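Chain order of the listed sequences is A and B.
Here our numbering is used: the first residue of the first sequence is 1, the next is one more, and so on.
Here our numbering is used: the first residue of the second sequence is 1, the next is one more, and so on.
Calculated from the structure, these hints are not laboratory results.
You may find that some hints are simply not true.
[As the list claims (entries may be wrong)] Every beta carbon over 10 Å from chain B, so not counted as near; a handful from chain A, in silico:
{"hint": "1", "residue": "Leu44"}
{"hint": "2", "residue": "Ala51"}
{"hint": "3", "residue": "Pro66"}
{"hint": "4", "residue": "Ala76"}
{"hint": "5", "residue": "Met78"}
{"hint": "6", "residue": "Pro88"}
{"hint": "7", "residue": "Arg89"}
{"hint": "8", "residue": "Thr128"}
{"hint": "9", "residue": "Pro198"}
{"hint": "10", "residue": "Asp203"}
{"hint": "11", "residue": "Asp209"}
{"hint": "12", "residue": "Asn228"}
{"hint": "13", "residue": "Glu241"}
[Unchecked claim] With a Cα cut of at most 25 Å, we get these calculated SDA-like pairs of lysine to any residue:
{"hint": "14", "chain 1": "A", "residue 1": "Lys118", "chain 2": "B", "residue 2": "Lys159"}
{"hint": "15", "chain 1": "A", "residue 1": "Lys154", "chain 2": "B", "residue 2": "Gly145"}
{"hint": "16", "chain 1": "B", "residue 1": "Lys159", "chain 2": "A", "residue 2": "Phe81"}
{"hint": "17", "chain 1": "B", "residue 1": "Lys208", "chain 2": "B", "residue 2": "Gly290"}
{"hint": "18", "chain 1": "B", "residue 1": "Lys80", "chain 2": "A", "residue 2": "Val125"}
{"hint": "19", "chain 1": "B", "residue 1": "Lys208", "chain 2": "A", "residue 2": "Glu105"}
{"hint": "20", "chain 1": "B", "residue 1": "Lys80", "chain 2": "A", "residue 2": "Leu264"}
{"hint": "21", "chain 1": "A", "residue 1": "Lys154", "chain 2": "B", "residue 2": "Lys159"}
{"hint": "22", "chain 1": "A", "residue 1": "Lys154", "chain 2": "B", "residue 2": "Met95"}
{"hint": "23", "chain 1": "A", "residue 1": "Lys118", "chain 2": "B", "residue 2": "Gly290"}
{"hint": "24", "chain 1": "B", "residue 1": "Lys80", "chain 2": "A", "residue 2": "Phe81"}
{"hint": "25", "chain 1": "B", "residue 1": "Lys80", "chain 2": "A", "residue 2": "Glu105"}
{"hint": "26", "chain 1": "B", "residue 1": "Lys159", "chain 2": "A", "residue 2": "Ala76"}
{"hint": "27", "chain 1": "B", "residue 1": "Lys208", "chain 2": "A", "residue 2": "Val125"}
{"hint": "28", "chain 1": "A", "residue 1": "Lys154", "chain 2": "B", "residue 2": "Tyr79"}
{"hint": "29", "chain 1": "A", "residue 1": "Lys118", "chain 2": "B", "residue 2": "Pro216"}
{"hint": "30", "chain 1": "B", "residue 1": "Lys208", "chain 2": "A", "residue 2": "Leu96"}
{"hint": "31", "chain 1": "A", "residue 1": "Lys92", "chain 2": "B", "residue 2": "Met219"}
{"hint": "32", "chain 1": "B", "residue 1": "Lys80", "chain 2": "A", "residue 2": "Ala95"}
{"hint": "33", "chain 1": "B", "residue 1": "Lys208", "chain 2": "A", "residue 2": "Arg29"}
{"hint": "34", "chain 1": "B", "residue 1": "Lys80", "chain 2": "A", "residue 2": "Ala150"}
{"hint": "35", "chain 1": "A", "residue 1": "Lys118", "chain 2": "B", "residue 2": "Arg134"}
{"hint": "36", "chain 1": "A", "residue 1": "Lys92", "chain 2": "B", "residue 2": "Leu217"}
{"hint": "37", "chain 1": "B", "residue 1": "Lys208", "chain 2": "A", "residue 2": "Glu55"}
{"hint": "38", "chain 1": "A", "residue 1": "Lys92", "chain 2": "B", "residue 2": "His97"}
{"hint": "39", "chain 1": "B", "residue 1": "Lys208", "chain 2": "A", "residue 2": "Pro217"}
{"hint": "40", "chain 1": "B", "residue 1": "Lys208", "chain 2": "A", "residue 2": "Lys154"}
Computed from a predicted structure; not experimentally measured.
Ideal placement from N, C-alpha and C gives every residue a C-beta, glycine not left out.
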Amino acid sequence: MREIVVISGKGGTGKTSVTAGFAHLAARRAMICDLDVDAPDLHLLLSPDRAETHEFRSGVAAVIDPGLCANCGLCAGMCRFDAIAAGPRAHKVDALRCEGCGVCERFCPVGAVRLEEKLCGEWHVSATRMGPMVHAQLFPGEENSGRLVALLKKEARERAGKAGLPLMLCDGSPGIGCPVISSLSGADRVVIVTEPTPSGAHDLLRVADLCRHFRIPAAVLVNKFDLNPDGCAALEARCRELGLDSLGRLPHDEAVARAMADGLSVAELPETPVSRALREAWERLSALPDAARRSDPFHHKPSA
Amino acid sequence: MICAVASGKGGTGKTTVTAGLAAVWDRPFTAVDLDVEEPNLHLFLHPDIESEVPAMMEVPVLDAERCTSCGQCAAFCRYKALAFMGGHLLVFSDMCHGCGGCLALCPEGALSPGERELGQVLAGSFEASAAVGRARFLMGRLRVGEAMSPPLMRQVKTKLPRRPTKADPDVLIDSPPGVSCPAVNAVMDADCVVLVTEPTPFGLHDLKLAVEAFRPLGMPLGVVVNRAGVGGTDIQGYCAGVGVPVWAEIPFSRAIAGAYARGEVPARVAPEAESAALTLMKAVRAAVAGSREADHA
Chain A
1 MREIVVISGK GGTGKTSVTA GFAHLAARRA MICDLDVDAP DLHLLLSPDR AETHEFRSGV
61 AAVIDPGLCA NCGLCAGMCR FDAIAAGPRA HKVDALRCEG CGVCERFCPV GAVRLEEKLC
121 GEWHVSATRM GPMVHAQLFP GEENSGRLVA LLKKEARERA GKAGLPLMLC DGSPGIGCPV
181 ISSLSGADRV VIVTEPTPSG AHDLLRVADL CRHFRIPAAV LVNKFDLNPD GCAALEARCR
241 ELGLDSLGRL PHDEAVARAM ADGLSVAELP ETPVSRALRE AWERLSALPD AARRSDPFHH
301 KPSA
Chain B
1 MICAVASGKG GTGKTTVTAG LAAVWDRPFT AVDLDVEEPN LHLFLHPDIE SEVPAMMEVP
61 VLDAERCTSC GQCAAFCRYK ALAFMGGHLL VFSDMCHGCG GCLALCPEGA LSPGERELGQ
121 VLAGSFEASA AVGRARFLMG RLRVGEAMSP PLMRQVKTKL PRRPTKADPD VLIDSPPGVS
181 CPAVNAVMDA DCVVLVTEPT PFGLHDLKLA VEAFRPLGMP LGVVVNRAGV GGTDIQGYCA
241 GVGVPVWAEI PFSRAIAGAY ARGEVPARVA PEAESAALTL MKAVRAAVAG SREADHA
């Protein structure tokens with residue numbers, strides 16, 4: 001099974017619109033995954049039925065029992081995250097800052113700290129008109145997005161295997177941190193959606209560097225190229241120098257916003273310049289060899 | 001005053017809005033880029049970088065001679081940074097959150113503090129407005145391959161005054177997208193949060209998530225509708241319904257999109273973007289003044 005992950009570095013370049021277009025063009029042969037668990041949007045275009053809903057529990061948060069706390073301050077002194085504040089009678093944990101490491105619980109001399117498991121979000125398995133879909137929502141303000149992404153990928157892989165699907169198509173999140181690294185785990189091919197702006201170009205280089213770091217072949221699709229044609233040509237030249245594959249260009253097209261407002265992928269609308277360019281990109285992507293460079297980003301070498 | 005510019009959805013215009021505020025702000029201030037995964041503010045403010053310092057986090061280093069394989073550290077670590085394989089302890093420092101628990105626990109002194117590079121903290125200054133002259137600039141840049149951005153963000157924030165006073169400058173923060181731990185880390189010390197959105201279904205959906213995530217923090221929140229006029233989604237109606245004010249609107253225009261694409265700050269070259277930035281500045285100040293009065297009352 002071929003695993004394709006769509007990322008961008010910079011947010012708002014069109015990852016989700018492109019993924020939905022590819023999902024339509026894959027003609028029900030793909031397991032579709034929304035790995036942007038923090039601010040997922042793919043469901044707005046695919047209308048999944050949420051046939052299954054599961055809780056996502058991960059990590060713990062420290063809670064100090066004010067009745068037991070001797071107010072000695074040892075925990076506050078040991079906490080590396082500045083998450084414990086002194087009070088008149090007892091110390092208190094700031095849940096926003098607590099990373100759930102357990103140091104306060106382990107070292108409290110009077111056993112006043114307990115660790116509570118956290119419910120961080122939920123995840124779903126759905127049917128959509130484009131095929132099966134796995135997606136999630138991390139609760140606002142929560143952490144452990146990388147673990148939720150890893151869980152989604154595992155579920156998607158198993159279900160795609162059982163259904164005999166040859167493809168897994170994943171919508172990633174912006175940035176280069178924890179959830180993005182987790183989404184690259186086991187990927188055969190990355191698609192980077194970018195735009196010809198200083199931010200788009202800057203972030204593309206960092207995300208391309210990330211793909212090289214984990215030895216995953218990347219292909220670039222330039223969205224809204226006509227906002228800055230010169231910038232686009234310079235960007236494409238830079239991509240060639242870096243050995244990145246090209247999937248072509250998409251024009252800025254009002255049809256994308258219209259499709260979004262109707263809850264559709266732009267590829268489902270009657271032929272427009274952008275849907276034609278998207279289909280060409282999909283054909284190029286389908287024909288690209290991925291080379292045997294698979295690696296698992298979380299398969300770390302121990303440092304000692 | 002600390003003003004954080006955030007959004008649920010990426011690419012709605014956080015950096016444009018932060019740079020716009022920086023262009024019109026008429027009191028001394030520091031501009032801070034806390035989107036350490038993909039920092040972009042410097043591309044628009046063009047600061048002179050005066051220092052670039054690696055940001056390090058403490059991680060354990062093993063002295064295998066001293067380790068008796070008692071297993072306490074690995075049993076304690078919640079991040080799977082310590083594990084036994086074939087009876088030997090292995091340290092996976094990439095997984096470490098730097099809590100220091102293993103160092104404090106080891107009865108043999110076999111673990112000692114080492115370091116992992118999170119990225120860099122850059123500091124400098126840039127030419128702001130005529131009223132302000134040069135303003136301070138700070139940013140964090142996450143090392144490519146590093147998974148954790150909050151520890152680096154905390155290190156950038158230590159360079160700021162803990163509680164800015166009248167004599168101390170204001171702070172304008174460009175935050176990372178989303179509503180999970182990095183975004184919360186960026187806004188949690190702010191006196192007000194500006195949520196940038198766009199009138200599309202994605203923009204509205206992610207704005208709702210952002211309101212849900214940030215409203216419990218207690219500081220005033222307001223919305224900037226960017227690219228107003230495209231998409232047609234009713235952001236105003238949603239905001240009125242939940243009682244979150246719309247502080248400013250930036251109309252969609254090819255001139256603004258083109259200026260941004262060329263690396264220009266729209267508020268410096270397009271009058272409608274400049275007037276939106278001024279409106280926003282006044283709204284932000286009024287909201288912070290109002291919430292301080294409420295605190296004193």
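**OP:** Check each numbered hint against the structure and report the violated ones by number, ascending.
**Re:** 1, 5, 9, 10, 11, 12, 14, 18, 19, 20, 21, 23, 33, 35, 39 and 40
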